[in-house]
Amino acid sequence: MSSYVARKANAEPRWVRLSLTGIGLGFLFFFLALPLVAVFAEAFSGGWGAYLEALQHPEALSAIALTVLIAVVVLPFNIAFGVAAAWAIARFDFRGKSLLITLIDLPFAVSPVVVGLVSLLIFGAQGVFGPWLAAHGIKIVFALPGMILVTLFITFPFVARELIPLMQAQGRDEEEAAVSLGASGWQMFFRVTLPNIKWGLLYGVILANARAMGEFGAVSVVSGHIRGETNTLPLYVEIIYNEYNAIGAFGAASVLALLALVTLVAKTLVEWRMRQETEMLEAGLPPEKTS
Amino acid sequence: MSIEIQNIGKRFGNFVALDNINLTIPTGELVALLGPSGCGKTTLLRIIAGMESADEGVVKFGGEEATHLHARDRQVGFVFQHYALFRHMSVFENVAFGLRVKPKHERPSEAEIRRRVLDLLKLVQLDWLADRYPSQLSGGQRQRIALARALAVEPKVLLLDEPFGALDTKVRKELRRWLRRLHDEMHISSVFVTHDQEEALEVADRVVVMNHGKVEQIGTPDEVYSNPASPFVYQFLGNVNVFHSRVHGAWANVGADSAEGVPPKGKEALAFVRPHDIDIEHTPVAGGIEATVQDVHAIGPMVRVELAHASELIEVELTRERANVLQLAKGQCVWLKPRQVKVFSVPEVPLEEGGSGI
Numbered sequence: 001m002s003s004y005v006a007r008k009a010n011a012e013p014r015w016v017r018l019s020l021t022g023i024g025l026g027f028l029f030f031f032l033a034l035p036l037v038a039v040f041a042e043a044f045s046g047g048w049g050a051y052l053e054a055l056q057h058p059e060a061l062s063a064i065a066l067t068v069l070i071a072v073v074v075l076p077f078n079i080a081f082g083v084a085a086a087w088a089i090a091r092f093d094f095r096g097k098s099l100l101i102t103l104i105d106l107p108f109a110v111s112p113v114v115v116g117l118v119s120l121l122i123f124g125a126q127g128v129f130g131p132w133l134a135a136h137g138i139k140i141v142f143a144l145p146g147m148i149l150v151t152l153f154i155t156f157p158f159v160a161r162e163l164i165p166l167m168q169a170q171g172r173d174e175e176e177a178a179v180s181l182g183a184s185g186w187q188m189f190f191r192v193t194l195p196n197i198k199w200g201l202l203y204g205v206i207l208a209n210a211r212a213m214g215e216f217g218a219v220s221v222v223s224g225h226i227r228g229e230t231n232t233l234p235l236y237v238e239i240i241y242n243e244y245n246a247i248g249a250f251g252a253a254s255v256l257a258l259l260a261l262v263t264l265v266a267k268t269l270v271e272w273r274m275r276q277e278t279e280m281l282e283a284g285l286p287p288e289k290t291s
Numbered sequence: 001m002s003i004e005i006q007n008i009g010k011r012f013g014n015f016v017a018l019d020n021i022n023l024t025i026p027t028g029e030l031v032a033l034l035g036p037s038g039c040g041k042t043t044l045l046r047i048i049a050g051m052e053s054a055d056e057g058v059v060k061f062g063g064e065e066a067t068h069l070h071a072r073d074r075q076v077g078f079v080f081q082h083y084a085l086f087r088h089m090s091v092f093e094n095v096a097f098g099l100r101v102k103p104k105h106e107r108p109s110e111a112e113i114r115r116r117v118l119d120l121l122k123l124v125q126l127d128w129l130a131d132r133y134p135s136q137l138s139g140g141q142r143q144r145i146a147l148a149r150a151l152a153v154e155p156k157v158l159l160l161d162e163p164f165g166a167l168d169t170k171v172r173k174e175l176r177r178w179l180r181r182l183h184d185e186m187h188i189s190s191v192f193v194t195h196d197q198e199e200a201l202e203v204a205d206r207v208v209v210m211n212h213g214k215v216e217q218i219g220t221p222d223e224v225y226s227n228p229a230s231p232f233v234y235q236f237l238g239n240v241n242v243f244h245s246r247v248h249g250a251w252a253n254v255g256a257d258s259a260e261g262v263p264p265k266g267k268e269a270l271a272f273v274r275p276h277d278i279d280i281e282h283t284p285v286a287g288g289i290e291a292t293v294q295d296v297h298a299i300g301p302m303v304r305v306e307l308a309h310a311s312e313l314i315e316v317e318l319t320r321e322r323a324n325v326l327q328l329a330k331g332q333c334v335w336l337k338p339r340q341v342k343v344f345s346v347p348e349v350p351l352e353e354g355g356s357g358i
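Protein sequence lines, in the order shown, are assigned to chains A and B. In this text, residue positions in the first sequence follow this note's numbering: the first is 1, and each later residue adds one. In this text, residue positions in the second sequence follow this note's numbering: the first is 1, and each later residue adds one.
In isolation and in its complexed conformation, chain A is listed as follows (with noise of 0.2 Å):
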């Protein structure tokens, strides 16, 4: 179909169209494409094989293994909590409901770095609970336990803040028929609730992966940036950088780029089965009321 078919009485003039059109792709490329192809290319400067060792470096390894672990270990609390969260303020009404939905946004409202160093104000040796946690031998801060407390809190609203619309949306009457059938609180939960949200769950998992693995500020203060030990990918790439290990550097960037793709693929396929249930859900909604 020509344009000047398609095009309808309220559009804008071409040349307004193409300018704005212009401006995204332009600001896509220089903001987007060409950081991705700098940093893959500097990663390949050297040739395959080089990059190749890059990676294979312990330390490199480790940093990659360790990034893998913390969001392993935080990603399921994610989903526990944040299914409970979102439950509870879908579901319920309560005192203090409205200062719970804040308090789940605190942590993108907060720099991450200020996680950092209330983790140490807290847990640090000067910290409120240094002392008995020396006494007891429990190392939290400048060790894995504090990286995973920091990248938890800083994770925690993607899952929640997912699902607290979406079951909005969908009400109670599913649940509640489902008990009025006899199903148990977790035959309800596995049967019903878990269905009809489980796109949105995965949403807000992918998501907080994502941020999981890309965490720099908050774990950058807990972590005490030793060597093969308590080093994620973002940190590797930061001191080998400063090191002027371009090869290295780039490398692991480029393997923290490659996740952010996946991730990007992942989202829209979710996104895109999101939108199919959508339409099912709003296909399920009754006719307009003739009474």
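There may be inaccurate statements among the hints.
[As the list claims (entries may be wrong)] A short, non-exhaustive set of chain A residues, derived as facing chain B with CB atoms under 7 Å:
id, residue
1, 173
2, 174
3, 177
4, 179
5, 180
6, 181
7, 183
8, 187
9, 192
Source of the hints: derived by calculation from the structure; they are not laboratory data. All residues carry an ideal CB built from backbone N, CA and C; glycine is no exception.
Once you've looked at the hints, dock chain B against the given chain A.
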């Protein structure tokens, strides 16, 4: 199984949703809870189902205390206004749900589940839809599936929350006759909530009229319609003309009061006359009042006449035959004579616009 409701009260913050409700529903009866939105009828239904807890009072099923019994243990079938079918399950699985979640030792075999679900789908005449998903069904079909699902666990009590509220008029009429037949076949007690007086009067054995969290009247459809216990019931069930008056002799003074400025005697009262309980005559009649014809509308099988008496508007409904005999024209002066008048003393709370039309 009979249901007894004793002194049930429920508040939401400062709002009194239910105020000292007493109600007994004998086994096998189909009862309608009728009232305007916000009158507490749905809250009462949800309390019977165990989905809401009452602040005070007792619910008994078959004489046994059930006030604190969990919803899942009440053996109650619940049908929602918006169906609440499980959208990710096929029609078959929706109906089978109640059987599949039973504890292992009570759960029927797969073959038995299959047989019972198909029987239920035949009962609601939708066995050909077993493999569809709820989103592929029409509203009427969905509500019948929801009913089949509720019946699958063989409930002793069936509760329906505005079951036909989201359906269009034609489907609604079909479904409520079908519900009545189904209820008679199943021999269970059913309670349904509605704000549609026609629906309540047509389907129910007994109608419970509610307003502001209180029961206004309990009676057969004929009782509540022809012998309303309160001004609210009168107004809510059908159209009505209200005459403010100082009464000592009903209708005659309704006219006399404003026309002649007689000093008031006795106490203030309201007179209610249904539009079809007024006759129009061309000549003065004893006990009649004079009025001017404002408008004449022919609506379906009847003719609605609007008349002005002093500054008040009066509605009269005539049969077509009677209207043809009278040959009314705008501006004509006629005499009105009521066949039946009901007088109530003026209520403390002003009456709202009641009645959803004939």
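Hint-by-hint comparison with the structure:
no., hint, result
1, 173, "holds (4 Å)"
2, 174, "holds (5 Å)"
3, 177, "holds (4 Å)"
4, 179, "holds (5 Å)"
5, 180, "holds (4 Å)"
6, 181, "holds (4 Å)"
7, 183, "holds (4 Å)"
8, 187, "holds (5 Å)"
9, 192, "holds (6 Å)"
Of the numbered hints stated above, none is contradicted by the structure.
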